[in-house]
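Q: Chain by chain, the residues:
2 protein chains.
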Amino acid sequence: MEVVAGIDIGGTNTVIGLVTREGICLRQQSMYTRVEGNFTDYINKVVEIVGQLMAEKDDNLTLVGIGVGAPNGSYSLGAIVDAPNLVWKGVLPVCKDLTERLRVPSALTNDANAAALGEMLFGAAKGLKHFIVVTLGTGLGSGIVVDGKLLVGSDGFAGELGHTTVKPWGRQCGCGKKGCLETYVSAPGIRRTAFKLLADSNSQSILRTYPFEQLTAKCITQAALKGDKVAREAFEYTGKILGMKLADTVAVLSPEAIILFGGLSNAGELIFEPTKRHLEENLFSVFKNKVKLIPSGLKDENAAVLGAAALIWKELEGKIQP
Amino acid sequence: MEVVAGIDIGGTNTVIGLVTREGICLRQQSMYTRVEGNFTDYINKVVEIVGQLMAEKDDNLTLVGIGVGAPNGSYSLGAIVDAPNLVWKGVLPVCKDLTERLRVPSALTNDANAAALGEMLFGAAKGLKHFIVVTLGTGLGSGIVVDGKLLVGSDGFAGELGHTTVKPWGRQCGCGKKGCLETYVSAPGIRRTAFKLLADSNSQSILRTYPFEQLTAKCITQAALKGDKVAREAFEYTGKILGMKLADTVAVLSPEAIILFGGLSNAGELIFEPTKRHLEENLFSVFKNKVKLIPSGLKDENAAVLGAAALIWKELEGKIQP
Chain S
8 MEVVAGIDIG GTNTVIGLVT REGICLRQQS MYTRVEGNFT DYINKVVEIV GQLMAEKDDN
68 LTLVGIGVGA PNGSYSLGAI VDAPNLVWKG VLPVCKDLTE RLRVPSALTN DANAAALGEM
128 LFGAAKGLKH FIVVTLGTGL GSGIVVDGKL LVGSDGFAGE LGHTTVKPWG RQCGCGKKGC
188 LETYVSAPGI RRTAFKLLAD SNSQSILRTY PFEQLTAKCI TQAALKGDKV AREAFEYTGK
248 ILGMKLADTV AVLSPEAIIL FGGLSNAGEL IFEPTKRHLE ENLFSVFKNK VKLIPSGLKD
308 ENAAVLGAAA LIWKELEGKI QP
Chain X
8 MEVVAGIDIG GTNTVIGLVT REGICLRQQS MYTRVEGNFT DYINKVVEIV GQLMAEKDDN
68 LTLVGIGVGA PNGSYSLGAI VDAPNLVWKG VLPVCKDLTE RLRVPSALTN DANAAALGEM
128 LFGAAKGLKH FIVVTLGTGL GSGIVVDGKL LVGSDGFAGE LGHTTVKPWG RQCGCGKKGC
188 LETYVSAPGI RRTAFKLLAD SNSQSILRTY PFEQLTAKCI TQAALKGDKV AREAFEYTGK
248 ILGMKLADTV AVLSPEAIIL FGGLSNAGEL IFEPTKRHLE ENLFSVFKNK VKLIPSGLKD
308 ENAAVLGAAA LIWKELEGKI QP
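Taken in sequence, the protein lines are chains S and X. Numbered continuously in the numbering used here, the first sequence closes out at residue 329. Numbered continuously in the numbering used here, the second sequence closes out at residue 329.
FYI, nobody ran anything at the bench for these hints, they're computed from the structure. There are no misleading hints in this set.
One copy or two, it doesn't matter: identical chains are merged, so the pair holds either way.
With a straight-line cut-off of 25 Å between C-alpha atoms, the simulated DSS-like cross-links for lysine-lysine are:
(1) Lys185 - Lys174
(2) Lys321 - Lys156
(3) Lys203 - Lys174
(4) Lys247 - Lys185
(5) Lys299 - Lys185
(6) Lys295 - Lys96
(7) Lys174 - Lys297
(8) Lys64 - Lys306
(9) Lys321 - Lys136
(10) Lys233 - Lys283
(11) Lys203 - Lys283
(12) Lys156 - Lys136
(13) Lys174 - Lys283
(14) Lys203 - Lys247
(15) Lys297 - Lys96
(16) Lys156 - Lys103
(17) Lys297 - Lys185
(18) Lys295 - Lys185
(19) Lys297 - Lys136
(20) Lys64 - Lys52
(21) Lys156 - Lys297
(22) Lys136 - Lys299
(23) Lys283 - Lys299
(24) Lys283 - Lys306
Just need the whole structure built from these sequences, with the hints factored in.
A: Dropping the structure here:
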């Protein structure tokens, strides 16, 4: 049976899985991204694990391609460029190295684009031709599909919705700008909002017992589910900022659906309800009541690997632009 | 010689021209859009003028198609839908009617999309595959080209950049929302800005001699060229709002170039310089110093007709999505 290797490169972990054309992840393995040594040592380790996974069972698999999702991944270059969360700087020629070593075609894109392809082939966007996937994790990424194809733009970096501006002199962002969407809408973003609300109000809240570093989006979710007023307000504010920005994005792209993916989206209605409400309130009239806001259709534990695998399956079918 | 009819439907005037594949407008004629009678009477008048133009000289022309640029034009429907500036409401089946009467293929899109196609075939975007045209007139429209194709979205209404939000509780917009980009960046937008500045400051200004209705973008341009402080500030503010919004748009779409088209863009450096400066200041790092901001390459007097003609030339070549 033909399989591809889906590789999700994160700042901390790299997850590698073998995925069929039907989107079944047969098996996967995780490794630390911060291996000892240089980038070549890292690639060696990845190649070794792909080999182990292929050999693990006697199920007669043929490796036909490698798909990679990575922070600051450029599809056009097949490389990672200046990723702030990785130890290796500059241009990392991931595709060139992997294809040389494993002798199969490879393709790379950023994590959010991979997620969009994963949803299209295997998840909530099956049958859709115009949609946006918004990944809500440590940052906010977006993968845009137009007419069934990934929108990568002139240099492969399209879809940086997380770095559009909410407030010109707002919160400091890791990218060097201020007021970027991801400083409000992401796991660290809702934490910042919770701290702001704790500073501004006198409301009693379980959140007052947490130091900044320990207050996770999960804590805020649990508190909100128990009725904690500050936690609920934090979700309301996060949904408002996200809904308004999505309304602007709909005006530009006119998608059929927006899919919320990962981390913060697991809070379910706590985040979906205010986002949907503020999205509708802010939509230009021709778009009202048309755009679906839906959760990811990929299983959490291998969503990112499925996305990376979808990239190379699409590539093998010749359907990626440019 | 084969020609198409390019038809630009505006709130006040409709301009009809015969255009070659090379983008030469052989001749054109203008008529009032608000003809006596119903929409069928209007179409009759358009058909009559196309016939007159074709017969005007003995230059052996063959009509091969009709392209239409119109406010609230839907490419997918080939119709105008609820255009606030037209007297006829509801869905106006322009393409169906014109094709029935003139027996050639027709296509319709909004004015900004037509402008984008005009720039691509005949103007400043020749050879570009990823660009945005922003039309600065009574409103603000945008036409987006991705990978050489017009981005029309799921329902044909993509590209409504003018109705993205600058300030959530900002200036009242004709669309029913508040704080839309076009209430700041357009001919009426810069007038509103000038009045705001006149209200806020004590600066002497020639603009204080104009009543609101008579203060045109042209007056403000002339005052700015003479060094009028308030007029110059009005351009600075307009460029700032536009530059910031374009930075967001670049982050999503990653174009090679942005083309400013029509009305306000004729103010030249007065609008280009502050827009470019604020665009660069607000760009996410990977996009800095990459995106060109350029003026239209189409001749003013028939730019809109050339755009409408480009639409049907592209259509005849089978290059429009979806």
